[in-house]
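Enquirer: Sequence:
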Amino acid sequence: MVAFGLGTLLESLTTLLGWHVIVFKLWYISGALLGGAPLALGTVYLLMRDTAAKRWMMAIVALIFTASICVLVSPVNTALVDGARLSGNVLQWQWVRLFSPFINTFAFVFLVGGAVWSAWKYRQLGAAYKNRFGGNVFIAIGGLLPGIGGASARAGHVEVLYITEFIGLICIWAGYWIITGDSKKSLHKKQN
Numbered sequence: 001m002v003a004f005g006l007g008t009l010l011e012s013l014t015t016l017l018g019w020h021v022i023v024f025k026l027w028y029i030s031g032a033l034l035g036g037a038p039l040a041l042g043t044v045y046l047l048m049r050d051t052a053a054k055r056w057m058m059a060i061v062a063l064i065f066t067a068s069i070c071v072l073v074s075p076v077n078t079a080l081v082d083g084a085r086l087s088g089n090v091l092q093w094q095w096v097r098l099f100s101p102f103i104n105t106f107a108f109v110f111l112v113g114g115a116v117w118s119a120w121k122y123r124q125l126g127a128a129y130k131n132r133f134g135g136n137v138f139i140a141i142g143g144l145l146p147g148i149g150g151a152s153a154r155a156g157h158v159e160v161l162y163i164t165e166f167i168g169l170i171c172i173w174a175g176y177w178i179i180t181g182d183s184k185k186s187l188h189k190k191q192n
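Counting along the sequence shown from 1, when you hit position 92 you're at 92 in our numbering, and nothing is skipped either side.
Derived by calculation from the structure, the hints in this document are not laboratory data.
Pairwise CB distance ranges (calculated):
hint, residue 1, residue 2, range
1, Val-76, Val-109, 28 to 34 Å
2, Gly-156, Gly-5, 22 to 28 Å
3, Arg-123, Thr-15, 37 to 43 Å
4, Arg-154, Trp-177, 30 to 36 Å
5, Gln-124, Trp-93, 45 to 51 Å
6, Gln-94, Arg-49, 35 to 41 Å
Straight-line Cα separation of at most 35 Å, DSBU-like style, residue types lysine-lysine; simulated pairs:
hint, residue 1, residue 2
7, Lys-130, Lys-54
8, Lys-54, Lys-25
9, Lys-54, Lys-121
Just so we're clear, the structure is a prediction, and the values are computed from it rather than from any experiment.
Each residue gets a CB set at the ideal place from its N, CA and C atoms; glycine is no exception.
Using the sequences and the hints, build the whole thing.
Expert: Structure representation (structure tokens):
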């Protein structure tokens, strides 16, 4: 949630205060590279055996680390900078942008796919698990919205990305709150 929120915060700062190369590079790393990957790794650990999950984690962390270094050292074409918008188009080494589709596909498959799979499983368990079903639906929607916004940003509508990320963050948080609230109630009932 921190990486996801940091990317959204940096976008807001750019909109409010203007474009700066350091803010841009931090935004690219936190948003395009780290946005959903840590949340997806949590799902990997929930759904897979420890050894497989550790392999996925090491591969994703190595990929993000390598991509982050490339973003940090890539020159920026300041002629392409739009003072109120953030876009990876300003990176002179455009090949660096090829890292993010792999990372974002991983995040989509495991964050959104894992939440949909969990929602389906809880739906089959019946009304006693309706909060866990609903929470996972919120998490799936929250994970999907930034992808929709990202596609809009690549089409030139960056503002859509800001809105979908913000709503996505709220949905993921709401899903977490619904699920953990349900867990706390269940624990409280068992203690009484």
